[in-house]
Amino acid sequence: MENATCFHCGDSCGNHVISFQEKSFCCNGCKTVFEIFNENDLTCYYDLQNSPGATPKEIEGKYDFLSQENIIEKLTEFRDGALEIATLYIPHIHCSSCIWILENLNKLNPGISDSQVNFGKKTVRVTYNSETTNLKSVVLLLSSIGYEPYISLEDFNSGKKDINRSLIYKLGVAAFGFGNIMFLSFPEYFEVNEFWLEQYKPLFRWLMFAMSLPIVFYSAQDYFISAYKGLKARILNIDVPIALGVSVLFIRSTIEIMFDLGSGFFDSLAGLIFFLLSGKFFQQKTYNFLSFERDYKSYFPIAITKIDKSGNENSIQVYDIEKGDRILIRNEELIPVDGILINGKAKIDYSFVTGESQTVSKKSGDKLFAGGKQTNGVIEMEALKSVEQSYLTQLWSNDVFNKNKEDGFTNITNTISKHFTIAILTVAFIATTFWLFVDPSKAMNVFTAVLIIACPCAIALSAPFTFGNLLRIFGKQKFYVKNATVIEQLAQINTVIFDKTGTITSNKDSNAEYDGDLLSDSENVVLKNSLRGSNHPLSRTLYTILEEHNIITLDTFEEHIGKGIEAKHNAVNMKIGSASFVGNPNQSTILNTTVHVSSNNVYKGKFTFYNSYRKGVSKLFNQLKRHFDLVILSGDNEGELENLKKLLPAKTKLIFNQKPEDKLEFIKYHQSEGAKVLMIGDGLNDAGALAQSNVGIAISEDVNVFSPACDAILDASKFKQLYNYISASKSAIKIIKWSFVLSFFYNVIGLYFATTGQLEPVVAAILMPLSSISIVIFTTIATNLLGKRLE
Amino acid sequence: MSVIYILLSVSVVIGVIFFVFFIMAVKSGQYDDDYTPSVRMLFEDELVKEEPKPTIKTTKNN
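Chains as they are written, first to last, in numbering that gives the first Met the number 0: chain A, 0 to 790; chain B, 0 to 61.
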């Protein structure tokens, strides 16, 4: 069953196989589509309409807040009369039948006139008539067919997002100009003295001039702006020689055609800008379905149920919660504010906040912190603080979240550009001085020619194409990197810090070891069966670990909350639970989670839970230890200390009981001592550390669910490859250095023509694209070879 | 030889027309989602096939 593939879409079903008519499906969408096509003989519309699908119980009441006017206002992107358009984020969208079913929503609800899926972003844009239906029923409909939208506090603030398309416009303008200018400049290259060409030469030239205007003043404007900013900050970045080259090209060409001295270099100018922009465009690799900028808002609900004084339940916005409000938290809901538990059995999962893996039981009167997730039925609580002032959210007021990591980082291109610019200017001045004595009429020509031919197009293209290609290769290997700078920073790392829970341990399964007297067969059967009846997380874990036994009916079964289970079958009376409940004679001080067992009031032994470490952790650490300082920074207690010592190389530092702020400070301190830190974490509790580190990588079991703000997201299955990714980044830097060598070689050829005063437009027109294209080919082949080695 | 003026203006005008189409395409969001339309296109065919025989209806027992 493990490797079953979906009958409909062919995707692997993973662990959640949906069986229907002896076929396995990966999702309800596939199953529904299968039902439609096969069972109903393709009469999909009519039957779909007749099958409303049962609403699962958990979502009852969950979306009540969607009938509130002000929330609808925030969530819809367009409202005019009865027409409303809302874009909903649906994490579950993953295959083509998802698109099919979601785009046929109008067959299920006649109030919906149109629904359009964006597969990359995993969104569906629903247009509906608010007189016949409403947002709430749309969301409920989606939930009932297995596509529950994810509505978080983030949606509340974002509103309409503007997409920045300026780069593609600029590229379009440059491409248009480049192509046309090339055609217009061709005649002069080939038939210089023909009669009719002489006659029309000015027309051709001025047309080229006209077309180069938008290229210089629109397409290339970013280079001028960046060069100006660089100079202002006294940095010779790569855009300085580019801007210089572009200006000289444009001015010299204009002067040449004005005084009829030559045809100018407009084609080279357009080509240069076009190549540079395409490099920029290529380097942009965005993963629409991932977000690298998440903060607590993506985890928090948009609205919460408030109980007013007369006991009525109302939905209110999370931002409207005030001190003293009584609020209702349903199963699996997140607590949005700090408060006091009033009613109900709270079992809070704080793994978001602290990284602590076990749930915490709370009784009425206990304090609850925002960010915890209720896992045991409904509770009522009283708010003590507002959302912004709560414990978890305060972490985000730290300055580190407003800092841009790219500031203050000099990338490899800019490092070389400093020396390059100085060298070029020196060559230009020496050559000009030389010609001033030999042939002053040529001096200005040589000076500008040097600046034109040395325009570092090839250098500027090396990094974008290398990193851009590597980003794609990494993406295919399930290592999703935010941008090129991250790869560069990754190559400079000297310290690697890991979070423990969820990062080097796997969330999915933990191990338990039995320690004590051997249990008899009948005792084992009772044990397994009593665990079966319990909903306690530890019981559930233990249940899955223990081997299968027959299912029997227990004579008595009683669960004592917070203590344990008591069960009786025939002559066996077992107690399973805490040490004191079971009657353990020697109370130990072990920090690990334990479950004790006694049979007929005789203490038998205990199960001790250990984290289960990801496969390859030990190997990875041994690979890493040769090059990096290693640290484990855990929010958990020291229970796993001995285990970790055995598993990891001796020089790994192990630090426990770290609060989110402690982690951040730890990294800050080491950075001040010159460490370049790579932080690998998973939960919100690592968010500060991920932001503070030079490179923060979030590990994710499923990249579609959320990970905290970070620089890169690594699929958990590829965890053991981490070292290879770091060394690939280092190799990428080597590739760039080699392509710098290659481009210097072209520059030397170009400078020969320039300094000897022989730079014809046709030479520039050949040399510039040639150098750019060979750099692109070299970097692409080299990075692809690098990618092959990764696989 | 003044036919060159006509040829030139024709070539430039055609270039500009295509350029304008390109800008319009970008503006309409055509390049924002480059995957879904390729899938959606295939659905249209399935839908057309279905319509001719809407009468054979089986009842579901769930």
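What the hints contain is simulated information worked out from the structure, not anything from laboratory work.
Virtual Cβ for every residue (Gly too), placed ideally from N, Cα, C.
Warning: the hint list may mix true and false statements.
Within a straight-line C-alpha distance of at most 30 Å, the following computed DSS-like cross-link-like pairs (lysine-lysine) qualify [unchecked claim]: (1) A/LYS624 with A/LYS652; (2) A/LYS135 with A/LYS73; (3) A/LYS231 with A/LYS305; (4) A/LYS366 with A/LYS120; (5) A/LYS200 with A/LYS231; (6) A/LYS441 with A/LYS475; (7) A/LYS73 with B/LYS26; (8) A/LYS652 with A/LYS667; (9) A/LYS279 with B/LYS26; (10) A/LYS562 with A/LYS624; (11) B/LYS26 with A/LYS322; (12) A/LYS787 with B/LYS26.
If you only want the chain B side, here are some residues facing chain A, beta carbon under 8 Å, derived [stated by the list, open to error]: (13) GLY14; (14) PHE21; (15) ASP32; (16) THR35.
For each hint, the structure was consulted:
1. For the proposed pair A/LYS624 and A/LYS652, the alpha carbon gap of about 11 Å is at most 30 Å, so the pair holds.
2. A C-alpha spacing of about 14 Å is found between A/LYS135 and A/LYS73, which places the hinted pair at or below 30 Å, so the restraint holds.
3. Between the alpha carbons of A/LYS231 and A/LYS305 the distance comes to roughly 55 Å, so the proposed pair goes past 30 Å and is violated.
4. In summary, the hint linking A/LYS366 to A/LYS120 is not supported, as the alpha carbons are separated by about 38 Å, beyond the 30 Å threshold.
5. Our distance criterion of 30 Å between C-alpha atoms is broken by A/LYS200 and A/LYS231, whose separation comes to about 41 Å.
6. Restraint check: the Cα-Cα separation between A/LYS441 and A/LYS475 comes to about 54 Å, which exceeds 30 Å; the hinted pair is violated.
7. Annotation: proposed proximity of A/LYS73 to B/LYS26 holds, straight-line Cα distance about 25 Å (limit 30 Å).
8. Only pairs whose Cα atoms come within 30 Å are accepted, and A/LYS652 paired with A/LYS667 is accepted, the gap being roughly 17 Å.
9. Between A/LYS279 and B/LYS26 the CA atoms are separated by roughly 20 Å; this keeps the pair inside 30 Å, and the hint holds.
10. Pair hint A/LYS562 plus A/LYS624 does not hold up; C-alpha atoms about 44 Å apart against a cutoff of 30 Å.
11. A distance of roughly 47 Å separates the Cα atoms of B/LYS26 and A/LYS322; the hinted pair therefore is violated under the 30 Å criterion.
12. Simply put, A/LYS787 and B/LYS26 have alpha-carbon atoms about 38 Å apart, too far for the 30 Å limit, and the pair is violated.
13. Residue-level restraint check for B/GLY14 holds (minimum Cβ-Cβ distance to chain A is 5 Å; threshold 8 Å).
14. Interface hint at B/PHE21: satisfied, since its Cβ lies 5 Å from the closest Cβ of chain A, which is below the 8 Å cut-off.
15. Interface restraint check: B/ASP32 against chain A, minimum CB-CB distance 5 Å, threshold 8 Å, status holds.
16. Taken as an interface hint, B/THR35 checks out: its beta carbon lies about 4 Å from the nearest beta carbon of chain A, inside 8 Å.
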